[in-house]
Structure formats: structure tokens, C-alpha cells
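Given only the sequences and the hints, what does the whole structure look like? Please build it.
Heads up, the sequence shown is in my numbering, so the first residue is 14 and it goes up one at a time.
These are computed hints drawn from the structure, not numbers from a lab. Quick caveat, the model's predicted, so the values are computed rather than measured. Watch out, some of these pointers could steer you wrong.
[Said to hold, decoys possible] Think about it this way: if two alpha-carbon atoms lie no more than 25 Å apart in a straight line, the pair counts; the simulated DSS-like pairs of lysine-lysine are:
#1 K175 / K152
#2 K43 / K30
#3 K152 / K170
#4 K152 / K179
#5 K123 / K170
#6 K175 / K141
#7 K75 / K42
#8 K30 / K47
#9 K30 / K42
#10 K152 / K176
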Amino acid sequence: AMIKAYWAEKAGVDPDKVYSVSVMPCTAKKWETKRNDDMKSAGHGYDVDIVITTRELARMIKQAGIEVLKLDEEEADSPLGPYTGAGTIFGATGGVMEAAVRSAYYLVTKKELPDVDFKPARGLDGVKEGEVDFGNGTKIRIAVAHQMGNIAAVLDKLREAKKAGKEPPYHFI
Numbered sequence: 014a015m016i017k018a019y020w021a022e023k024a025g026v027d028p029d030k031v032y033s034v035s036v037m038p039c040t041a042k043k044w045e046t047k048r049n050d051d052m053k054s055a056g057h058g059y060d061v062d063i064v065i066t067t068r069e070l071a072r073m074i075k076q077a078g079i080e081v082l083k084l085d086e087e088e089a090d091s092p093l094g095p096y097t098g099a100g101t102i103f104g105a106t107g108g109v110m111e112a113a114v115r116s117a118y119y120l121v122t123k124k125e126l127p128d129v130d131f132k133p134a135r136g137l138d139g140v141k142e143g144e145v146d147f148g149n150g151t152k153i154r155i156a157v158a159h160q161m162g163n164i165a166a167v168l169d170k171l172r173e174a175k176k177a178g179k180e181p182p183y184h185f186i
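Set out below in C-alpha cells:
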């Protein structure tokens, strides 16, 4: 939405001429971009026109004969200005979870989450589980499923807890 609304206006570009390609690590993002009208918030078609995975991008770069390690260094562009740490980790597997937990922690405690290497959410293991202690008696249990096939295990745990009349095993998935 930002590229077609905010950036297009800032750059003086007709939003209908913007074709937005998002590079994401998760194949689920391909479906999410077209799931409903919520993905048309900029008012110019879908906010993201197409998603390619990081693997697909790497394959394209290789097929084009580009040797990334031999490219000259240059400054990255910053069309929307400075970025946040949460925004930086957003595209990594578990990054959305980490960004959300870091934001929630800050909203509750008014402090940055001290564990910079946030292992409960990061990584390519099937299902990663963790607990984040906010230090004020509040603890949240989280789970991150890497790849669609691992979601069943998380859903099974939720169903088992519900059937047994127990509290759900996770606050945030």
C-alpha cells in the first residue's frame, strides 16, 4: 500500500502505473496478497501485484549470470527514509513474530526487548516455540511454523488444549 499511495505521490508517479513486486521468504505470502479486499487499501488494485520468494529471486539472479559477490558496493536507496529494526527483521522467517513481540514488549514496558538475538522466533525448524517474559508478571507463549506443512502440529496442540479444557498453549502464533 505504501508504494502505491505514499511513495507514488511523493515521487510524482501515477499509482496505476506502479507494479509492486514483493520478495518474501514465505510462499504463503503469494496467497495472502490476493486473499481479500483488505489487500486493496491503496485504492489502486492490489497493494502487492506479485510475490516472489527469496529462492526464486536467487534463481533469477543466477540464471541472469549475475555474481552478487563481485558487484561493486554502493549505498542502498532509502525511498521512504530511515527504517526501524522491526522493519529490518520483518522479512525473515519468524521476523513478523519477532517484530510484533518487540513492539508489544515496548508498549507494555516502555523499554526495548533486551534479548537482541531472539531465538524463540527465528530459524527454519519446523515449529519454534518460546516464552517471552515482560518482567512485570506478564509472559506470552509464542509459536512460529516454518512452511505450511508444519501448521498442523500447531493446530493439533490448540485443539488438544481446547478439548481438555485447558488454556491454549500459545498467545500468539
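So, going through the hints one by one against the coordinates:
1. K175 / K152: 20 Å, holds
2. K43 / K30: 21 Å, holds
3. K152 / K170: Roughly 19 Å between the alpha carbons, so the hint for K152 and K170 holds.
4. K152 / K179: 17 Å, holds
5. K123 / K170: Answer violated: K123 to K170 is near 32 Å, above 25 Å.
6. K175 / K141: Roughly 21 Å between the alpha carbons, so the hint for K175 and K141 holds.
7. K75 / K42: 23 Å, holds
8. K30 / K47: 19 Å, holds
9. K30 / K42: Holds, at roughly 22 Å.
10. K152 / K176: 23 Å, holds
The earlier numbered hint that this structure contradicts is number 5, and it is the only one.
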